[in-house]
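> Each chain is listed here by its residues.
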Amino acid sequence: MRYQIQYLHKYRQVCQHLKIPCTNNYSTEVNSETKPEPKSWRKRWDQKEGEWYSRFKLFAPEKGESPDVVRALQSTSNFSIKAVRKWIQKSKREAEILDMRYIPERHQILGSDLAAAHFLVHRGAAVRFVGSSEWIKRHEDQYDLPDRYNRDYAIEAIDVLDMKLYYEGFQNMTNLRSLRWLSLRNCLQIDDWCLDRISSEYESSLEYLDISNCTRVTDRGICALYRMNKLRTLKVHNIADSQLFQLACLMLEDINPQLNTEGVKYLDIGN
Amino acid sequence: MIKTVNTFKLRKFINDKFVNLNKSAYVFINRCESSYSSDEPPKPEHPIKRTFRILGNDMKTAKNKVESFVERMQGIRELSNKILKSPYRDGIFPEHCDIVIIGGGAMGSSIAYWLKQRAPNAITVTVIEKDPSVNQNILSWGQYAEASTCLSVGGLRQQFSLEENIKMSLFGAEFLRNINQHLSVEGHDPPDVQFTPCGYLFLASEKGAQQLEENAKLQKKLGAKNELLTPVKLKQKFPWINTDGIALGCHGLENEGWFDPWSLLYAFKRKALSLGVEYIDGEAIGFEFKKMPDLLMDGMEPGSYEGVDKVLVRTESGEIRSVKFGIVIIAAGPYSAKVARMARIGTGDGMLSIPLPVEPRKRYVFCINCKNGPGLNTPLTIDPSGTYFRREGLAGNYICGRSPLPEEEPSVDNLDVDHDFFDKNIWPVLASRVPAFEAVKVKNAWGGYYEYNTYDENGIVGPHPYYINMYIATGFSGHGIQHAPAVGRGVMEMILDGGFETIDLTRMSFDRLIMDRPLIEENIV
Chain A
1 MRYQIQYLHK YRQVCQHLKI PCTNNYSTEV NSETKPEPKS WRKRWDQKEG EWYSRFKLFA
61 PEKGESPDVV RALQSTSNFS IKAVRKWIQK SKREAEILDM RYIPERHQIL GSDLAAAHFL
121 VHRGAAVRFV GSSEWIKRHE DQYDLPDRYN RDYAIEAIDV LDMKLYYEGF QNMTNLRSLR
181 WLSLRNCLQI DDWCLDRISS EYESSLEYLD ISNCTRVTDR GICALYRMNK LRTLKVHNIA
241 DSQLFQLACL MLEDINPQLN TEGVKYLDIG N
Chain B
1 MIKTVNTFKL RKFINDKFVN LNKSAYVFIN RCESSYSSDE PPKPEHPIKR TFRILGNDMK
61 TAKNKVESFV ERMQGIRELS NKILKSPYRD GIFPEHCDIV IIGGGAMGSS IAYWLKQRAP
121 NAITVTVIEK DPSVNQNILS WGQYAEASTC LSVGGLRQQF SLEENIKMSL FGAEFLRNIN
181 QHLSVEGHDP PDVQFTPCGY LFLASEKGAQ QLEENAKLQK KLGAKNELLT PVKLKQKFPW
241 INTDGIALGC HGLENEGWFD PWSLLYAFKR KALSLGVEYI DGEAIGFEFK KMPDLLMDGM
301 EPGSYEGVDK VLVRTESGEI RSVKFGIVII AAGPYSAKVA RMARIGTGDG MLSIPLPVEP
361 RKRYVFCINC KNGPGLNTPL TIDPSGTYFR REGLAGNYIC GRSPLPEEEP SVDNLDVDHD
421 FFDKNIWPVL ASRVPAFEAV KVKNAWGGYY EYNTYDENGI VGPHPYYINM YIATGFSGHG
481 IQHAPAVGRG VMEMILDGGF ETIDLTRMSF DRLIMDRPLI EENIV
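From first to last, the protein sequence lines are chains A and B. Numbering follows full-length UniProt numbering, with no gaps: position 264 of the first sequence is 264. Numbering follows full-length UniProt numbering, with no gaps: position 3 of the second sequence is 3.
There is no bait here: all hints are sound.
The calculated lysine-lysine pairs, modelled on DSSO-like cross-linking and capped at a C-alpha distance of 30 Å, are:
{"id": "1", "chain 1": "A", "residue 1": "Lys265", "chain 2": "B", "residue 2": "Lys371"}
{"id": "2", "chain 1": "B", "residue 1": "Lys290", "chain 2": "A", "residue 2": "Lys48"}
{"id": "3", "chain 1": "B", "residue 1": "Lys65", "chain 2": "A", "residue 2": "Lys86"}
{"id": "4", "chain 1": "A", "residue 1": "Lys265", "chain 2": "B", "residue 2": "Lys237"}
The set of hints was computed from the structure by calculation and includes no laboratory data.
Kindly produce the complete structure, drawing on both the sequences and the hints.
If you want it as structure tokens, here you go:
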């Protein structure tokens with residue numbers, strides 16, 4: 001059979017050479033949008049030709065028991081205080097991340113800018129639009145934003161204040177073409193991956209970025225900001241303690257001469 | 001009289017079934033592996049002796065369990081001496097398990113982790129790894145000397161031309177982002193893979209520009225972010241580049257960069273161990289087969305099925321033990337073809353005549369230092385000739401390499417580095433692409449094996465068509481580490497769910513070798 005395979009391979013090459021239609025095509029030449037071909041290479045054992053089943057096959061389960069059910073039945077519940085506390089924390093975190101998910105209807109009705117504004121302001125952040133100088137915040141669950149798409153509203157500045165913004169929340173803040181000012185100060189969930197996200201989303205417009213007190217950011221996150229060529233101010237108070245971090249900020253300023261980093265204490269080489 | 005006849009028949013029955021059967025299996029292995037004809041295959045064991053041995057082992061296991069329970073109650077932490085006494089979880093060699101994984105690198109450990117976290121109490125998983133520690137004197141915890149995982153450059157990119165590869169990389173990025181939730185173990189530091197999100201830059205000449213553009217479109221459709229750059233824009237963004245001969249560049253914007261593969265492997269292994277996976281330090285040297293005449297399958301003579309039943313392991317102390325398994329997974333990296341041959345894949349008839357086309361290919365990685373090299377704005381750049389380089393740290397160090405042409409493939413006997421390769425093949429290309437690299441110094445170099453799939457340079461993930469209990473997850477030809485989480489999850493879904501649930505990898509199964517449908521990936525580095 002090995003030789004048959006090699007023969008088929010050669011046959012395909014010869015066909016291509018002579019421009020004869022060949023029945024033996026590469027998988028990648030098949031349109032990947034359609035159902036992948038291999039589903040026809042192996043037939044399920046109960047769908048083969050010659051198999052016969054009665055009408056009761058309707059009730060036959062297609063799959064076996066889910067291993068999740070087995071796992072739940074076999075696990076011994078741990079009701080110690082530490083475990084309960086851990087479970088509560090985990091559930092809280094999962095609920096918060098679920099809160100950050102992308103809702104398509106919101107963006108369809110409101111458009112990208114207003115949808116992001118609603119998302120942020122509802123959860124405690126402040127937003128400022130192009131052409132106005134007042135910050136829109138919420139006062140006891142009330143805030144003043146239009147509830148239909150309005151072309152005149154373009155977000156210019158976002159201040160996260162005391163909102164817990166996770167990586168998943170950035171899905172709701174896409175397509176903000178006029179965003180120039182972003183402050184993520186005191187938001188402890190911001191880490192290198194978020195900076196990677198920010199750097200790819202807002203690379204063409206962001207001029208001010210404040211990530212002070214975001215202790216999870218490391219020098220590698222600063223490296224990710226190399227794509228932002230419009231960045232003018234970068235604030236990194238209270239995270240720039242290591243030499244590596246300071247070096248990264250220095251190198252960032254090298255490639256972006258108009259950048260000004262604040263919050264880094266460079267080593268004084270005079271002494 | 002009846003009694004004597006019965007005992008005579010009983011003894012004959014025992015001899016036939018147990019003693020002679022083992023003999024035939026070992027004869028086969030002796031024929032195949034001439035290298036260990038000097039070793040003594042274990043003598044077939046008398047069943048009465050076996051019964052007493054197993055009972056003795058059970059007593060030992062029970063005693064160990066009681067002792068550790070008592071110690072925990074008394075608040076004494078397990079002393080490291082205990083580990084020295086016996087490297088096995090229950091104090092004895094695991095003679096049987098549900099799923100055995102041959103190969104404990106990133107792939108094997110990932111599969112073990114996903115299996116055990118889905119069904120922690122339902123299955124026992126054993127991983128056989130032949131190369132766990134470097135220094136035999138100090139009891140170091142798993143330093144893989146020649147495993148490809150740790151010698152890898154550790155890149156993560158979505159710039160592939162195959163839909164499955166793109167999806168697997170996207171999941172790899174998501175997994176690494178949430179690695180704390182997945183792989184953290186109580187009482188230990190959280191895992192840190194040190195991901196540097198600096199992106200990838202693929203450069204294409206006139207010939208490859210069309211393909212690059214199509215790939216970029218497909219990647220965007222599946223959720224990856226990238227931008228196509230003309231030579232003028234390339235020069236603007238990356239002033240250190242020399243755009244002679246470049247028609248188009250594709251710059252990955254998000255979830256692309258590089259990380260530390262050793263940390264990922266360590267995290268997988270530690271989490272797997274904490275979930276109850278047993279790691280055996282030994283080398284798989286053969287399989288034992290079992291005839292199953294009542295098993296019927298398409299494509300073979302009825303009654304001729306002979307399945308794999310046990311794997312023979314040569315442990316560190318030199319003795320040969322066997323592990324009886326329910327399912328075997330071959331994830332042995334560059335040595336997968338050797339393991340597959342032990343199971344008659346490639347040497348049998350019918351479906352067993354197709355060999356596993358994975359072989360080790362040596363690749364060099366050089367660490368160079370350049371004083372005025374490109375600064376922070378250096379993604380992992382790949383020249384149309386295949387030469388790549390990336391920044392390493394912030395002190396002017398760079399890592400570079402190149403896949404040699406097929407006729408220049410270095411020998412794979414050892415991992416020695418050929419420094420002429422840098423001077424002849426890599427440095428001229430680098431210096432012409434990045435003028436600053438005219439003055440570089442080679443600081444360090446190492447070699448590692450690609451688990452190279454000679455058929456179509458893409459991974460083989462799936463069940464074996466003949467053996468009903470064998471799965472294969474190997475052959476990733478240089479981009480395995482970023483796909484390790486996704487492949488682990490895929491294999492787990494295949495085994496525990498019966499099919500792929502999240503990413504559909506049916507196109508990458510072994511079947512394509514039989515059907516002769518190569519799955520060509522254009523962006524191999």
